[in-house]
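*Asks:* Chain by chain, the residues:
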Amino acid sequence: MTNVFGVQVFFIIFREALEAVIIVSVLLAFLKQSLGQPHQDPIIYKRLVRQVWVGSLGGILIALVIGGAFIGVFYGLGHDLWAESEDLWEGIFYLIASIIITVMGLAILRINKTKEKWRVKIAQALLAKGKHQTTTKWLGDWGRRHAMFLLPFITTLREGLEAVVFVGGVSLGLPATAFPIPVITGLLAGLLIGYLLYRGGNVMTIQYFLIASTCILYLLAAGMFSKSVWSLQFYKFAQKVGGDVAESGDGPGSYNIRQTVWHVNCCNPELDHGWDVFNALLGWQNTATYGSVISYNMYWIFIMVAIACMLYEERTGSLPLQRPFLAFIGKIPGFRRYAARKLNAPKPNADDLVSQVDADLFSHGIAQRPLAEK
Amino acid sequence: MPMLGSSSLQQHLLLLVFLVVAVAVGQAAAKTVTYDFNVSWVTANPDGLMERKVVGINGQWPLPVIEVDKGDRLVVNMYNGLGDKNASIHFHGMYQNGTNNMDGPSMATQCPIPPGYNFTYDFTVDQNGTYWYHCHTEFCYPDGYRQALIVHDSDAFFNDDYEEELTWTISDWYHDFVEDIQFLSLYNPTGAEPVPNSFLLNDTQHSSIPVKPDTTYLIRIINIGAFVAQYFYIEDHTFKIVEIDGVYVEPKEADLLYISVAQRYSILLTTKNSTDKNYAIVTVADSDLLDVIEPELQLNNTNWLQYDADAPHEDAVMTVEASADLVPFDDFTLVPHDQMELLPEPDFEINVTVTMNNLYNGFGYAFFNDISYTAPKVPTLYTVLSAGDLATNSEVYGEFTHPIVLQHNDVVQVVLNNGDSGSHPFHLHGHNFQVIERAPPFNEHRNDYADGDPLTFDPANHTAFPAIPARRDTFVVPPQGYFVIRFVADNPGVWLFHCHIDWHLAQGLAMSFIEAPLQIQETTHIPQQHYDVCRAGGVPFEGNAAAHTQDLLDLDGQNKQQPFLPAGFTARGIVALVFSCISAFLGMAFIVVYGLSTPAAPLEKTSTDTSDIASASAPVPAPGTGGVQHTVEPYRD
Numbered sequence: 001m002t003n004v005f006g007v008q009v010f011f012i013i014f015r016e017a018l019e020a021v022i023i024v025s026v027l028l029a030f031l032k033q034s035l036g037q038p039h040q041d042p043i044i045y046k047r048l049v050r051q052v053w054v055g056s057l058g059g060i061l062i063a064l065v066i067g068g069a070f071i072g073v074f075y076g077l078g079h080d081l082w083a084e085s086e087d088l089w090e091g092i093f094y095l096i097a098s099i100i101i102t103v104m105g106l107a108i109l110r111i112n113k114t115k116e117k118w119r120v121k122i123a124q125a126l127l128a129k130g131k132h133q134t135t136t137k138w139l140g141d142w143g144r145r146h147a148m149f150l151l152p153f154i155t156t157l158r159e160g161l162e163a164v165v166f167v168g169g170v171s172l173g174l175p176a177t178a179f180p181i182p183v184i185t186g187l188l189a190g191l192l193i194g195y196l197l198y199r200g201g202n203v204m205t206i207q208y209f210l211i212a213s214t215c216i217l218y219l220l221a222a223g224m225f226s227k228s229v230w231s232l233q234f235y236k237f238a239q240k241v242g243g244d245v246a247e248s249g250d251g252p253g254s255y256n257i258r259q260t261v262w263h264v265n266c267c268n269p270e271l272d273h274g275w276d277v278f279n280a281l282l283g284w285q286n287t288a289t290y291g292s293v294i295s296y297n298m299y300w301i302f303i304m305v306a307i308a309c310m311l312y313e314e315r316t317g318s319l320p321l322q323r324p325f326l327a328f329i330g331k332i333p334g335f336r337r338y339a340a341r342k343l344n345a346p347k348p349n350a351d352d353l354v355s356q357v358d359a360d361l362f363s364h365g366i367a368q369r370p371l372a373e374k
Numbered sequence: 001m002p003m004l005g006s007s008s009l010q011q012h013l014l015l016l017v018f019l020v021v022a023v024a025v026g027q028a029a030a031k032t033v034t035y036d037f038n039v040s041w042v043t044a045n046p047d048g049l050m051e052r053k054v055v056g057i058n059g060q061w062p063l064p065v066i067e068v069d070k071g072d073r074l075v076v077n078m079y080n081g082l083g084d085k086n087a088s089i090h091f092h093g094m095y096q097n098g099t100n101n102m103d104g105p106s107m108a109t110q111c112p113i114p115p116g117y118n119f120t121y122d123f124t125v126d127q128n129g130t131y132w133y134h135c136h137t138e139f140c141y142p143d144g145y146r147q148a149l150i151v152h153d154s155d156a157f158f159n160d161d162y163e164e165e166l167t168w169t170i171s172d173w174y175h176d177f178v179e180d181i182q183f184l185s186l187y188n189p190t191g192a193e194p195v196p197n198s199f200l201l202n203d204t205q206h207s208s209i210p211v212k213p214d215t216t217y218l219i220r221i222i223n224i225g226a227f228v229a230q231y232f233y234i235e236d237h238t239f240k241i242v243e244i245d246g247v248y249v250e251p252k253e254a255d256l257l258y259i260s261v262a263q264r265y266s267i268l269l270t271t272k273n274s275t276d277k278n279y280a281i282v283t284v285a286d287s288d289l290l291d292v293i294e295p296e297l298q299l300n301n302t303n304w305l306q307y308d309a310d311a312p313h314e315d316a317v318m319t320v321e322a323s324a325d326l327v328p329f330d331d332f333t334l335v336p337h338d339q340m341e342l343l344p345e346p347d348f349e350i351n352v353t354v355t356m357n358n359l360y361n362g363f364g365y366a367f368f369n370d371i372s373y374t375a376p377k378v379p380t381l382y383t384v385l386s387a388g389d390l391a392t393n394s395e396v397y398g399e400f401t402h403p404i405v406l407q408h409n410d411v412v413q414v415v416l417n418n419g420d421s422g423s424h425p426f427h428l429h430g431h432n433f434q435v436i437e438r439a440p441p442f443n444e445h446r447n448d449y450a451d452g453d454p455l456t457f458d459p460a461n462h463t464a465f466p467a468i469p470a471r472r473d474t475f476v477v478p479p480q481g482y483f484v485i486r487f488v489a490d491n492p493g494v495w496l497f498h499c500h501i502d503w504h505l506a507q508g509l510a511m512s513f514i515e516a517p518l519q520i521q522e523t524t525h526i527p528q529q530h531y532d533v534c535r536a537g538g539v540p541f542e543g544n545a546a547a548h549t550q551d552l553l554d555l556d557g558q559n560k561q562q563p564f565l566p567a568g569f570t571a572r573g574i575v576a577l578v579f580s581c582i583s584a585f586l587g588m589a590f591i592v593v594y595g596l597s598t599p600a601a602p603l604e605k606t607s608t609d610t611s612d613i614a615s616a617s618a619p620v621p622a623p624g625t626g627g628v629q630h631t632v633e634p635y636r637d
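Heads up: the protein sequence lines correspond to chains Z and L, in order. According to the UniProt record's numbering, the first sequence is numbered sequentially starting from 1. According to the UniProt record's numbering, the second sequence is numbered sequentially starting from 1.
The shape of chain Z in the complex, shown without the other chains (with noise of 0.2 angstroms):
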């Protein structure tokens, strides 16, 4: 099954592709709530909706070329190369892919945080650009009036590429088969919840379902730590066995019995057809190791520890421990501005960063020009 579909690679793409969805969904919220309304020109609103699909797709087309030759070179130069010690490689893409995903994963589940993170990251941008236009006239002028077009164009231009690193750098291992298929409805699938959250469809509904699918992106980052653990063992033990140890199917010999906690003489996620999907999503090895077995364990712990974290800073301000690590950092010379810093930082205000971009960027932006052209 893995054969044809990469679980990994769709959880990727889904992830990419929410993230998209959702900045460019606040980018026509801006234009619609600033520009739509019923008095105002539907010409320049209509441009400037517009801009926003073209830079949009526009990113968007850039990505794919970019990362179909990324991944054609991947799969074409790096397979041979890699095949001699693919568990060498194997251990450490999927160690970059379970930390990517343990990093990014999460912030999923404040898909709503999210949006407002955009919304003020685009009002920032769009207020930097209005303040600097005296040194270049000609670029700020050209940004500025094309802003509607540049934000969406980086930003699925980042998120593309992003999901093609994040791709490329999971699925090692995995044939070029395998990816067609998650990558559609990975793309599917986000635009249809980005679409969802833009309509304002049931939001609990959506957030079970964005629990759910974060429960399983962890599932497989976890398994795939666990298993980075277990390829990068079994990989020394290959390497001192010398000779294909793969060949000796899933008997005895296979595996390094001084390291193993269980071994099944089945089952074996290379040769069994439908383990491999257990191995995808979970992780699962016909023998599982001191280290895999240690590892997975950890992994889950770090993971609930992480959480708590975060769900203490989010009802207190800061981390557990932060501020008097901060104020014992700030005793320290050299730090001590630092910690001051951190201590002190004013919370950007939201609400009046939006307004401001409202009332600056549309006064004498790109409102004006159309306007003096009429």
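If you are wondering where the hints come from, they were derived from the structure by calculation, not from laboratory data. Treat the hints with care, as some may be off.
Pairwise CB distance ranges (calculated) [stated by the list, open to error]: (1) Z:Gln-239 with L:Asp-276: 52 to 58 angstroms; (2) L:His-175 with Z:Gln-239: 21 to 27 angstroms; (3) Z:Ile-181 with L:Gly-568: 33 to 39 angstroms; (4) Z:Arg-336 with L:Phe-569: 53 to 59 angstroms; (5) L:Gln-562 with Z:Val-73: 47 to 53 angstroms.
DMTMM-like mimics (lysine to aspartate or glutamate), calculated; alpha carbons at most 20 angstroms apart, straight line [what the hints assert, rightly or not]: (6) Z:Lys-240 with L:Asp-291; (7) L:Lys-240 with L:Glu-253; (8) L:Lys-272 with L:Asp-161; (9) Z:Lys-240 with L:Asp-180; (10) Z:Lys-240 with L:Glu-179; (11) Z:Lys-240 with L:Glu-294; (12) Z:Lys-240 with L:Asp-176; (13) L:Lys-212 with L:Asp-161.
Sample of chain L residues with no beta-carbon within 10 angstroms of chain Z, all distances over it, derived [stated by the list, open to error]: (14) Ser-40; (15) Glu-67; (16) Gln-205; (17) Glu-250; (18) Asp-308; (19) Met-318; (20) Leu-343; (21) Asp-347; (22) Ile-404; (23) Asp-490; (24) Tyr-531.
Using N, Cα and C, we set each Cβ at its ideal position, and we do this for glycine too.
Given the structure of chain Z, go ahead and fit chain L onto it with the hints provided.
*Replies:* Relative to chain Z, chain L alone:
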């Protein structure tokens, strides 16, 4: 009638006297041949590729060939001068009738001889033909400790058929010390046998053996290697096989032999009339036995039957692919010259299956019926001698020497099913045996069952046994095939039955036949020197396999093979799996909690008006800026 009777009696008496005299004369003619062997390290470079330390005798290597006449008493005074290694000598193929303690395998019939100790082998050679001797302690003979042992026979039926006699040994050769080769290792889980670095003929390569034209030679060919069987042929020559493993056979024309380690063939070769050309003597290693074949490994080797030293010496051409198609002479078809008939139905049958598997330490082992031979604490022969009446109870020899007690003079049949995908040359000490069945036959189909299900011998359904079966002491079982052999247990002693691939012996592919133990007790006398060697090495020489002398049936503390690998989940595996599941579920529970507990501020907003983010800016309207107006209307596309 009385007259007649008395004359008949007289005739009988006369005959008896004559026989006694004849035997006495025969014994008088028999001489004692004595060799003093100081075994020590020397260096040698037989293949011209690498000089290495080898086991030498009296400072020389290749080792001296032992030559005796049939009926001679052979005395070998061995001194272990190796300094760092135990040793012994097994005289391969010698029946050692009444001298079981001279057979040589450590921990079966003697203690290993520690460095600095003497050991005298002293026995009568009442048999004829081609044999060899080699170390039989741990794995010592691949380091060069092996050579031919020839028993000349003035009564051989082919004595008048040849003018000259040659002895050719063939062998595999390693550049590393056996002890340095990581064979029984966690990192050799498949038990892949170490691949030799080269192959030798007469402990050298590319040699020219001068021959005279139109002359018949008796050539004794011995594979003294540790692992690899070799094909043997001489370009444009055929020959007649007259002896296998010391058993004379009816001459059979052949042009290609397959000689496994420890097997011997004597052939009559008549040279050509012309001397204008030298002919290649070709030996080709059986590549099927080798795990990997490095490009630099020369599988086929050419030596020359040199008719004319000035004529060119051309290398034979034989590729690995072509060697796989070689169809050697089937030794099963040979008929012993003495016409000994098929032994009657067996009184006792031993049925064993050969398998290879990994045990708990991750090493690859070999098994007869799931028992991997593990040396006992007391040499088995000494257990026989110290066990009294219990010697007939196989339990005293320990479970892992795989002991089988044989009744004196029973006809014994061994059915050996090979569950392994490699071929194995099996050797029985103290006997030769009738080979009465082998499948698949040793022809072009011999490797047909290497893949798939193994063949097993079906006593109810087999081809007819030959009326006069061939006899050997080393016989090859094909991959996943079987063979059946018979012999008479008429030679009291402790005899090992084992695979002669030294690596497989190291993996435990051996078992012990304790033949007529009560007769052993009656006939065997152990020289004090043998016990001295045990004392020197700290090896107990009394008691059962666990060295218990009081309660011989108490085998507590016996040497055991490693435990078998667990078939699936063990307690710790289940615990690990359960804990992994628990932590995964707990982790997901945390994620769910995190996902449901949306933080205060965004939660309020999203729950009230997610549909319109822009409205969040509504509380701070910016009136009068460029005519842009803000509304609090929810956005609808």
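*Asks:* Any hints from earlier that this structure breaks? Give me their numbers in increasing order, please.
*Replies:* none
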